[in-house]
Amino acid sequence: MSKARRDLRVLAGALPKAPTGIEGLDNITQGGLPQGRPTLICGCAGSGKTLFAVEFLVRGALQCNEPGVYIAFEETSQELAQNMASLGFELEELIARKQLLIDYVEIQRSQIRETGEYDLEALFVRLGYAIDSIGAKRVVLDSLETLFTGLTNTAILRAELSRLFHWLKAKGVTAIITAERGDGKLTRHGLEEYVSDCVILLDNRVNNQFSTRRVRVVKYRGSSHGSDEYPFLIGERGISVLPITSVGLTHSASTERIGSGIGRLDTMLGGDGYYRGSSILVSGTAGTGKTSISSHLVDATCRSGERCLVFLFEESPSQLIRNMRSIGIDLEPWIKQGLLKLHAARPTLYGLEAHLVMMHRLTDEFKPSVVVMDPVTNLASGGTATEAKSLLTRLIDYFKTSQITTFFTSLTAGDQSPESTDVGISSLMDTWLLVRDVESNGERNRMLYVLKSRGMAHSNQVREFKLTGHGIELVDVYLGPGGVLTGTARTAQEARERAEGVLRAGDMGRRKRLLDRNRQALQAQLNALCFELETAEEELQRLDSQEETRSEVEGEDRAAMARARHADFLKELRIQGSKAQEGSLAHACHQEN
Amino acid sequence: MLATKKTEAKTRGETTRASAARKKFKLRLYVAGATPRSIRAIEDAQKLCSKHLGDRFTLEVIDIYQRPALARDEQIVAVPTLVRRLPEPLRKLVGDLSDSERVLIGLDLLLRDGRKP
Chain Y
2 MSKARRDLRV
12 LAGALPKAPT
22 GIEGLDNITQ
32 GGLPQGRPTL
42 ICGCAGSGKT
52 LFAVEFLVRG
62 ALQCNEPGVY
72 IAFEETSQEL
82 AQNMASLGFE
92 LEELIARKQL
102 LIDYVEIQRS
112 QIRETGEYDL
122 EALFVRLGYA
132 IDSIGAKRVV
142 LDSLETLFTG
152 LTNTAILRAE
162 LSRLFHWLKA
172 KGVTAIITAE
182 RGDGKLTRHG
192 LEEYVSDCVI
202 LLDNRVNNQF
212 STRRVRVVKY
222 RGSSHGSDEY
232 PFLIGERGIS
242 VLPITSVGLT
252 HSASTERIGS
262 GIGRLDTMLG
272 GDGYYRGSSI
282 LVSGTAGTGK
292 TSISSHLVDA
302 TCRSGERCLV
312 FLFEESPSQL
322 IRNMRSIGID
332 LEPWIKQGLL
342 KLHAARPTLY
352 GLEAHLVMMH
362 RLTDEFKPSV
372 VVMDPVTNLA
382 SGGTATEAKS
392 LLTRLIDYFK
402 TSQITTFFTS
412 LTAGDQSPES
422 TDVGISSLMD
432 TWLLVRDVES
442 NGERNRMLYV
452 LKSRGMAHSN
462 QVREFKLTGH
472 GIELVDVYLG
482 PGGVLTGTAR
492 TAQEARERAE
502 GVLRAGDMGR
512 RKRLLDRNRQ
522 ALQAQLNALC
532 FELETAEEEL
542 QRLDSQEETR
552 SEVEGEDRAA
562 MARARHADFL
572 KELRIQGSKA
582 QEGSLAHACH
592 QEN
Chain W
1273 MLATKKTEAK
1283 TRGETTRASA
1293 ARKKFKLRLY
1303 VAGATPRSIR
1313 AIEDAQKLCS
1323 KHLGDRFTLE
1333 VIDIYQRPAL
1343 ARDEQIVAVP
1353 TLVRRLPEPL
1363 RKLVGDLSDS
1373 ERVLIGLDLL
1383 LRDGRKP
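Going down the list, the sequences are from chains Y and W.
No gaps in the numbering here: position 277 of the first sequence is 278 in our numbering, and each next residue is one more.
No gaps in the numbering here: position 70 of the second sequence is 1342 in our numbering, and each next residue is one more.
Treat the hints as calculated values from the structure; they're not laboratory data.
Each hint can be trusted.
Here are the simulated distance ranges between beta carbons: (1) W:Leu-1383 to Y:Glu-91: 48 to 56 Å; (2) Y:Glu-80 to W:Ser-1322: 40 to 48 Å; (3) Y:Asn-66 to W:Tyr-1337: 24 to 32 Å; (4) W:Leu-1342 to Y:Thr-349: 55 to 63 Å; (5) W:Leu-1342 to Y:Ser-403: 48 to 56 Å; (6) Y:Arg-159 to W:Gln-1318: 27 to 35 Å; (7) Y:Tyr-351 to W:Leu-1362: 45 to 53 Å; (8) Y:Asn-66 to W:Gln-1318: 45 to 53 Å.
Straight-line Cα separation of at most 20 Å, SDA-like style, residue types lysine to any residue; simulated pairs: (9) Y:Lys-467 to Y:Asp-267; (10) Y:Lys-99 to W:Asp-1345; (11) Y:Lys-172 to W:Tyr-1337; (12) Y:Lys-467 to Y:Ser-327; (13) Y:Lys-337 to Y:Asp-300; (14) Y:Lys-337 to Y:Asn-324; (15) Y:Lys-513 to Y:Gly-502; (16) Y:Lys-172 to Y:Tyr-195; (17) Y:Lys-337 to Y:Glu-366; (18) Y:Lys-368 to Y:Gln-338; (19) Y:Lys-453 to Y:Thr-394; (20) Y:Lys-453 to Y:Ser-255; (21) Y:Lys-99 to Y:Asn-66; (22) W:Lys-1298 to Y:Ile-113; (23) W:Lys-1298 to Y:Arg-114; (24) Y:Lys-467 to Y:Val-485; (25) Y:Lys-99 to Y:Cys-65; (26) Y:Lys-99 to W:Arg-1344; (27) Y:Lys-99 to W:Ala-1341; (28) W:Lys-1296 to W:His-1324; (29) W:Lys-1319 to Y:Glu-115; (30) Y:Lys-368 to Y:Leu-313; (31) Y:Lys-342 to Y:Ser-319; (32) W:Lys-1319 to Y:Glu-118.
Everything numeric in this text was worked out from a predicted model, so none of it was measured.
Built from N, CA and C at the ideal position, the CB exists for glycine as well.
Starting from the given sequences, assemble the full structure and let the hints guide the process.
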């Protein structure tokens, strides 16, 4: 697979290409038309073949410095110059500078009689003469099929056309041959049989009353190319093919963050807000505050000195400014400073492609770092849902490549699942915020949560969000045994809890005081008992010493008595007496002795 | 109604042709180089004109390789081309002039039914 792709790239590199300079076309052809070879442009009348061809020459002359020859079979030089002037191409100036040469080949059926064999050598000579006179690198033949109306011998014409294409190749000019679309065939006269290198089909279809021009590269020999039908637009600056972005998915991802303008939301998104260059979607039912969230981002972006572009599909700029003032965001100074551009357009004003081109153009001119689309769902009313999705894919691709942060709001219908979007773009989004109404106790409250946010640790919590006079405030919802409560229910619950708290606190104090008193009483009792204890101890001590004194005195008395009586029981007395008494007895005996 | 118109047109056409036959012819023959086809065309043209116009004609042979700007100015696409510049209206006879009857009709020297004007 990778080898095949590499081979393809080598091949693509080997084939030199001539850039057309037409916006977007060089992307789908990966560089332009095959250089030095003829390319067939076919399409119905009015599909833009001539403009395509002229733009190829004009851009070639201006951007690549490759002079061009325009062989006109249908319009005179003056007519062509007039027609192209309305699209901003100054052909006369280019002609004067020898960057462009227009040769009008007039074939009038009424003047011509065929009288035998002939060839178109005169056309070749004129072409060669024109190419050589200005050194042309690019040639347009518009449209060769006019030959078939003027000359009738188709056998000769076919042979000569085949020779012409070989001749053009040999001449080394990058050529465009235009041809009218035929029934069931690409061209009416089968020119595609001769031009085998590159065939581009232009188409103009009307779908649901919207006309859409489309371009398709039918074949491109030796090169890869986008094979889809790409819408294109004829605008003031010529043709713009969409997507203007590349076919690949190669944009780089930034790690830089930009604030959402709502502090708590930043916290919910891992602390720093959205990634720069990411796509953010806010979806929700009507009146949930999507525009307010986007305005916060707009305000924050402008405040940091970066530019912001807002596409409004529902409100007028002054209406938005007025409404946002009510939540404390004043956008007007930013507009005056040139940091903010509000572009309001009804989605039904023109087709989706025109919207896309308009957005591209404004983005290119204004170079914003943030683009807001409010609401993106309305775009779907300008076409089918599939078209809207493809448009948004291209847009997001384009914005990501340019590192522009995109913010979309999406309106979810009441009967829809909140986790779905009208245009099915949610999968393209990096960050998806969901806002919803919760109706309870006769009131509606807004809740916000981050449904997804690629590449960041985001909160899984539902927050209640309030629109206040100074912007959006995110509040924790009440989560308790009573369930999730918001709004006044939350406030009431909180008040109830506060009251209970006060009550509980009072109760606690009283009990504490009671216990304290008890403790104090016990302490007093304790003190009294201690006192009693001490008294008892003192008493005991006193009794002890009394007893001692008494027995001592008694002993002395008895000894004195014995001495007085000359008793012979002194020995006995000595044996019976205590050690303490012994001393005194001995002393007494000694004294006695 | 349609029939009357047709006859009117026919008579008018015949008168112009008749007058054309008497007028002086100014012819130009565009060829591309000295190819056998070019040479044959030049010979055929001279032969035809001498036969049918006597000396009432001038024939100018132009090689587009030599004078490409002239081919552009006179809106020549194919070669050989014999241009009847006079008498009016301008006529371009594209082809190698091998079909002399068609050449004479183209120059208004022969009517379509084969009669001379």
